Amino acid sequence: GAVVSQHPSRVICKSGTSVKIECRSLDFQATTMFWYRQFPKQSLMLMATSNEGSKATYEQGVEKDKFLINHASLTLSTLTVTSAHPEDSSFYICSARTIGSVETQYFGPGTRLLVL
Amino acid sequence: QQQVKQSPQSLIVQKGGISIINCAYENTAFDYFPWYQQFPGKGPALLIAIRPDVSEKKEGRFTISFNKSAKQFSLHIMDSQPGDSATYFCAASRAGTASKLTFGTGTRLQVTL
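Each protein sequence line maps, in turn, to chains A and B.
Straight run, no breaks: the first sequence in the working numbering ends on number 574.
Straight run, no breaks: the second sequence in the working numbering ends on number 119.
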């Protein structure tokens, strides 16, 4: 139980294009999902907290107009990297918190983004 | 501000040995402390978690020891196996913050034969 999927697992795009990453909770409903960014050999950096049906809350220093987050249902959240640039290349990971669980987060497998 | 400090940065342990990773936190409002295991190119997987009302929690070969007064907690991996080779992250969160996790810097564990 508590499986989170991400799609795509890997994406290569040209500079200036937009990329959408999907995060789905497969066997549970998630009122809250989180988006993280991880650079090689570094820890996870929280980008934003996404609540179903409301606007995402972004961490300090994260551009909300560049990283668009939509949480349209209890099982799906999307992250769109707009006008991607090479410095946006990173490993993006989502997590989901189950309804009724105050703390536990289950993570997706991550999406490797490479911007050329 | 680094709110959760993790050590060591890397660790090499022989098969069958005990791996010990330590974390220290600053914010006394933290009340949930999970450990995650991450393999290269994969997302983190929850291993074990503890709350401050207990000093130790064991699940299989994994044990968390928690010292509230010292604001420290540690992960012990007993009978370490090569398959345990991964990066381990400690984390902490507090009630009322939508469960936002603050992660440690990670420990790369290598278990040798």
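If you're looking for bench data, these hints aren't it; they were derived computationally from the structure.
Misleading hints may appear alongside valid ones.
As the list claims (entries may be wrong) - Calculated lysine-lysine pairs in the PhoX-like style (CA-CA distance at most 25 Å, straight line): (1) B:Lys48 with B:Lys77; (2) B:Lys48 with A:Lys478; (3) A:Lys522 with B:Lys21; (4) A:Lys499 with B:Lys63; (5) B:Lys64 with A:Lys499; (6) A:Lys499 with B:Lys21; (7) B:Lys106 with A:Lys513.
In this text, all values refer to a predicted model and were calculated from it rather than measured experimentally.
Going through the hints against the structure:
no., hint, in the structure
1, B:Lys48 with B:Lys77, "30 Å, violated"
2, B:Lys48 with A:Lys478, "19 Å, holds"
3, A:Lys522 with B:Lys21, "46 Å, violated"
4, A:Lys499 with B:Lys63, "28 Å, violated"
5, B:Lys64 with A:Lys499, "28 Å, violated"
6, A:Lys499 with B:Lys21, "24 Å, holds"
7, B:Lys106 with A:Lys513, "16 Å, holds"
Figure legend: structure checked against the earlier numbered hints; hints not met, in rising order: 1, 3, 4, 5.
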